[in-house]
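Order-wise, the sequence lines are chains Y and L.
Residues in the first sequence are numbered consecutively from 1, following our numbering.
Residues in the second sequence are numbered consecutively from 293, following our numbering.
Everything labelled a hint here was simulated from the structure, so no lab data went into it.
Just so we're clear, the structure is a prediction, and the values are computed from it rather than from any experiment.
Just so you know, not all the hints are guaranteed correct.
[What the hints assert, rightly or not] Think about it this way: if two alpha-carbon atoms lie no more than 30 Å apart in a straight line, the pair counts; the simulated DSBU-like pairs of lysine-lysine are:
1) 151(Y) with 132(Y)
2) 54(Y) with 318(L)
3) 201(Y) with 291(Y)
4) 357(L) with 116(Y)
5) 289(Y) with 201(Y)
6) 397(L) with 100(Y)
7) 166(Y) with 291(Y)
8) 171(Y) with 207(Y)
9) 132(Y) with 155(Y)
10) 54(Y) with 397(L)
11) 343(L) with 100(Y)
12) 289(Y) with 171(Y)
13) 343(L) with 65(Y)
14) 201(Y) with 171(Y)
15) 151(Y) with 166(Y)
16) 151(Y) with 201(Y)
17) 357(L) with 54(Y)
18) 207(Y) with 155(Y)
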Amino acid sequence: MKALSTLGLIMAVASAGCGAATLPPELASARSVYDRASHGPAATLNPTDLHTAKESLDAAEHSFKEEGNSQVTRDLGYAAERQAETAESRARAMQAVAEKEQIIAGMHAATETQAKASAAGLVQANQQLASKDQALQVQGVALQTEVQRRKEAEKRAAQAAADIAKFASIKQETRGMVITLSGSVLFTSGKSDLLPAAQLKLNDVAKALTEQDPESTMVVEGHTDSQGAAAFNQDLSQRRAQTVRDYLVSRGVASDRISAEGFGPTRTIGDNATAEGRANNRRVEIVVKPKT
Amino acid sequence: MSKRSILLLAAMPLAWACAKSWPEPKQPMADAESAARSAREVGADAQPAAKLKVNLADEQIAEAKASIAKGDNERATYLLVRARADAELALALAHEQNALNDKQKAIEQSNLTLEANTPGATP
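Next comes chain Y alone, as it looks inside the complex (with noise of 0.2 Å):
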């Protein structure tokens, strides 16, 4: 019975001796940190490093379970969690890496949207530069061609005025050019047929005209001396003023460009007393009015 006793005791002893060994913090650190990792980034990034730190934790807990708080649980639960720490770590790395290659990918392709936007918007210029040009140029003939006729238009100008010159009076007054024609030179007394020779005078008036600005307007006007019934008069100078019209038509002023009206004795140039005076009151005048 004693032998059993102590027996017994040394089982109790024994018992009390691999009773719960107190967990080593290394041990404790490594299953802590390992828990962290294998929920973070490296469970998906870096499953290697982590089954390599979970079968290292798995040696230490081994360990623990056969040895309780032993040297060895406590070296092996250290490197478990260095372990578990550097998959971590490895993970964050390649986290980043990737993250690098999408900035520079979208870098890249910033770039690429950017010069080919360029591009486009050089060619784009380019052809509107090319454009503008040759619209530039056209122009440019064109004005030089513009300023030539005008110039020869001009100098035509200037030859037939010089030629009107001598057997008409020109003025340049408000209501535009006014180029006089003596009644006596255009028509016989009381008619209003032209006089063979003042078909040809006509003819460089025709001339002058048409070389004038050819958006001017025309008025062919007549007028009479006081002598004889007004209505004659004003119907005479109705005729007269008609008949110079239509022949200057018929020289190639544009029928649009001119009109003819007959004022009679009511504007007179010179005294209705006088011979001279009558003289200058039968008169043709074009008055050449200039675009307002």
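Chain Y is fixed; fit chain L onto it per the hints.
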């Protein structure tokens, strides 16, 4: 640390029990020293956390050498397990820092490029 190394470590007590002698940990020593050297080569000394780990590895390697000198190969073996784990962590931390530095440079370069590409930006 490979699965093979872990299994080897687990089997070592058994081998020791049978043979009554623990082999000198030549390969673990070489592995730990190589890992520490690699960590320094990639710049572990320039990064505080990595530097701490690689220094710990150095200390444990030195302790392991002392243990071998005293004939305690078992203790040396486990010291080298710790040393290698520290050195490999230092290496990983140094790599991580380099990767973060590269990423930061890419961000700055990208910002500069985008700024230069913005219409109306001052060159």
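Now for the hints, and whether the structure bears them out:
| no. | hint | verdict |
| --- | --- | --- |
| 1 | 151(Y) with 132(Y) | 28 Å, holds |
| 2 | 54(Y) with 318(L) | 25 Å, holds |
| 3 | 201(Y) with 291(Y) | 26 Å, holds |
| 4 | 357(L) with 116(Y) | 65 Å, violated |
| 5 | 289(Y) with 201(Y) | 21 Å, holds |
| 6 | 397(L) with 100(Y) | 9 Å, holds |
| 7 | 166(Y) with 291(Y) | 27 Å, holds |
| 8 | 171(Y) with 207(Y) | 18 Å, holds |
| 9 | 132(Y) with 155(Y) | 34 Å, violated |
| 10 | 54(Y) with 397(L) | 35 Å, violated |
| 11 | 343(L) with 100(Y) | 25 Å, holds |
| 12 | 289(Y) with 171(Y) | 12 Å, holds |
| 13 | 343(L) with 65(Y) | 34 Å, violated |
| 14 | 201(Y) with 171(Y) | 18 Å, holds |
| 15 | 151(Y) with 166(Y) | 23 Å, holds |
| 16 | 151(Y) with 201(Y) | 25 Å, holds |
| 17 | 357(L) with 54(Y) | 28 Å, holds |
| 18 | 207(Y) with 155(Y) | 12 Å, holds |
Checked against the numbered hints above, the structure violates hints 4, 9, 10, 13; every other hint is satisfied.
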